[in-house]
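Participant: Okay, here's what each chain looks like letter by letter:
2 protein chains.
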Amino acid sequence: MITERFLFGPGPSNPYPEATAALGLPLLGHLDPAFLEIMDETCEMLRTVWGTDNARTLPISATGSAGMEAAFVNTVHPGDVAVVAVNGLFGKRMCDVASRAGAEVVAVEHDWGQPVDVERVLAAHPAPAIIAAVHAETSTGVRSDIAALGAGKGDALLITDAVTSIAGIELRADDWGIDVGYAGTQKCLGVAPGLAPFTINDRAFARRVERPQSWYLDLGLLGGYVGEASGSGGRTYHHTAPVAMVASLHGGLTRVLEEGLPAVWARHEEAGRLLQDGLEEIGLELFAAKGSRLPELTTVKVPEGVDSAAVRRQLLERHNIEIGAGAGAYASTVWRIGLMGHNARPDAAMLVLAALKEALRR
Amino acid sequence: MITERFLFGPGPSNPYPEATAALGLPLLGHLDPAFLEIMDETCEMLRTVWGTDNARTLPISATGSAGMEAAFVNTVHPGDVAVVAVNGLFGKRMCDVASRAGAEVVAVEHDWGQPVDVERVLAAHPAPAIIAAVHAETSTGVRSDIAALGAGKGDALLITDAVTSIAGIELRADDWGIDVGYAGTQKCLGVAPGLAPFTINDRAFARRVERPQSWYLDLGLLGGYVGEASGSGGRTYHHTAPVAMVASLHGGLTRVLEEGLPAVWARHEEAGRLLQDGLEEIGLELFAAKGSRLPELTTVKVPEGVDSAAVRRQLLERHNIEIGAGAGAYASTVWRIGLMGHNARPDAAMLVLAALKEALRR
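Chains as they are written, first to last, in my numbering: chain X, 1 to 362; chain U, 1 to 362.
The following block holds chain X by itself, in its conformation from the complex (with noise of 0.2 Å):
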């Protein structure tokens, strides 16, 4: 029997139709004419959703966390002081992250559920080479200031996590001063997970690791491979590319783009809105702090006494319905909704609170 889901956690969301659909097409080849168009394509419309001109946009052949290891490892070199937000899980990975690839990390560290204090993160150090923070933090459901930081950042490389901002709410890389940016497939964009939406600009690449720890993450090998150097004619075979995965992502941004992005960021804020509303409105009391709450995913406290994981494997069961689980120390006080990029619909948001309101009567 096949299992299908309504996946309301924090990711991976249901896929975009058009994301499914490229998956059953005929597989390419990694170096076929046929499959760099569909590649530049999709480094084209990465472009779009991330607001930038980068040249260097691509998707980096594994999932978002790998994004993450890409950032770090081509930009910090031994030694470097990085400043590092710390308001959730996220924030705490980078630590760890960047730490082994050699950075000094001074990680300033917040409550959960409240967003970056962009002053605190700026005054931290007074010459960091690096900044990094989380635009929307997974773990909690919140959104931080990145363009505040990017406007306070000197000479610091501002590195940014947007796995799940991205194609959801507003994000603009160029605009907001974020030097190097990745992000995941699965959330807003609305594809399987495996991929990790890159970019990086001129500044940091000048910058970069010669010779990064990681020859599969290295940057200055991966232009080649995706024709950054001389145009589709100057591929250069650095790994095989996951065509399959490509062409999906190609089918999740294009259905994205022809709703256009102001519209899609519209469709999460009244999705959001309609679940957070209504989740108040039954007595629940959300984590994230207010004013600072991502549409796209939405954090709400476990009334006292109350089973949490008793409830979702009701819904699992039941009605077929995926929440999540708190993260951390939060495991069992708090669930994660997501209503991500398809998931991003009234229908959605009345489903599932429909079907939490009746799991608590019970």
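Derived by calculation from the structure, the hints in this document are not laboratory data. A portion of the hints provided could be inaccurate.
Just so you know, same-sequence chains aren't split out, so a pair can sit in one copy or run between any two.
Taking lysine to aspartate or glutamate pairs in the DMTMM-like style, the calculated list, with each CA pair at most 25 Å apart, reads [unchecked claim]:
1. K301 <-> D32
2. K290 <-> E104
3. K92 <-> E258
4. K92 <-> E281
5. K301 <-> E270
6. K290 <-> D117
7. K153 <-> E119
8. K357 <-> D32
9. K301 <-> E44
10. K153 <-> E259
11. K301 <-> E258
12. K357 <-> E41
13. K290 <-> E18
Fit chain U to the given chain X structure using the hints.
Facilitator: Relative to chain X, chain U alone:
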């Protein structure tokens, strides 16, 4: 218009229909019990195709080259001597990856087209920490004797690249003394590229680097991800699994094991022999050394006066047949023809032979 190709190059090959069908199934969450079951079964089937009982056998969430990187970053301690057999592009790449991981590399160079000279490799250093070799060199179409390396490795760890051998020719990781092995999905396994089937035994795991430079490929963290530590209940979140690709690998493996490995190997053997005999019959010269030729990947010299790229282009445009150029210095003087996975069939051999014959007459 949809482009449909016969993928007779060095990979990817046309997937088994079961692998493609799985990509179209409804997406599951990466922590869904239904997905964890698919992951467990996938790891179990991977043990069979690797010929191993290793608990730590899993699909790494990136392409085969990331498997190579995982092998070295988890086993190379600073200054460790790694003896690497270099008889083609992928042996050469191992040297680069190993040295970025901090190894003192002793490269044992061979003429391309020749198998690994086991005695020379074993004599290259009195006490290496690591010996590494490619089982089936994708750049040259050559098979090497991994069992002999395993028998003579002494205290060293044996790292083996099985990207182009797994599920195509005999591979017995445990019997042959392979301590760490990595592979790809897009060759004889008949699945799209995107995952790296990986295995590491207890001996190598015990000697591993505690905190490798790569967070993404840290096997100490990946154990929990596939539930090795405490069964399915003990799954810990590391990164979001590429669920669609894992489901597809599950589909491909199911097909391979239903047919049975000996039958699959025999099918590759027969298709390769048909092709190689046929090429010699029409007066072409094979590149790989006699006695060491891979059935799944044939290398053949481009006849004097023939424009290698023009023939490949003609095959692609006239018949939708992809064959590969040569690698490295042999880019324009050798063709690489793969009959791998679902394409390891007499009809595929006959088709590519007939088309090549026609192209050479024009």
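Participant: Hints first: check each against the structure and report whether it holds.
Facilitator: Status of each hint after checking the structure:
1. In the homo-oligomer, the alpha carbons of K301 and D32 lie at most 25 Å apart only across protomers (22 Å), although the nearest pairing inside one protomer, at 50 Å, exceeds that limit.
2. Neither within a single protomer nor between protomers do K290 and E104 lie at most 25 Å apart by alpha-carbon distance, with minima of 33 Å and 55 Å respectively.
3. When the C-alpha separation of K92 and E258 is checked against a cutoff of 25 Å, the pair qualifies neither within a copy, at 36 Å, nor between copies, at 45 Å.
4. Taking CA atoms no more than 25 Å apart as the test, K92 paired with E281 passes in neither setting, with 33 Å inside one copy and 63 Å between copies.
5. Proximity of K301 to E270 under the C-alpha cut-off of 25 Å is restricted to the intra-copy arrangement: shortest distance 21 Å within a copy versus 62 Å between copies.
6. In the homo-oligomer, the alpha carbons of K290 and D117 lie at most 25 Å apart inside one protomer (15 Å), although the nearest pairing across protomers, at 67 Å, exceeds that limit.
7. When the C-alpha separation of K153 and E119 is checked against a cutoff of 25 Å, the pair qualifies only within one copy, where the shortest distance is 11 Å, while the shortest distance between copies is 58 Å.
8. With identical chains, the CA atoms of K357 and D32 are at most 25 Å apart between copies only, with a shortest distance of 22 Å across copies and 52 Å within one.
9. Neither within a single protomer nor between protomers do K301 and E44 lie at most 25 Å apart by alpha-carbon distance, with minima of 40 Å and 39 Å respectively.
10. When the C-alpha separation of K153 and E259 is checked against a cutoff of 25 Å, the pair qualifies neither within a copy, at 34 Å, nor between copies, at 60 Å.
11. For the identical chains of this complex, K301 and E258 are neighbours neither inside a copy (36 Å) nor across copies (48 Å), given an alpha-carbon limit of 25 Å.
12. In the homo-oligomer, the alpha carbons of K357 and E41 never lie at most 25 Å apart, since the shortest distance is 44 Å inside one protomer and 36 Å across protomers.
13. In the homo-oligomer, the alpha carbons of K290 and E18 never lie at most 25 Å apart, since the shortest distance is 35 Å inside one protomer and 48 Å across protomers.
Hint compliance for this structure: hints 2, 3, 4, 9, 10, 11, 12, 13 are broken, all remaining hints hold.
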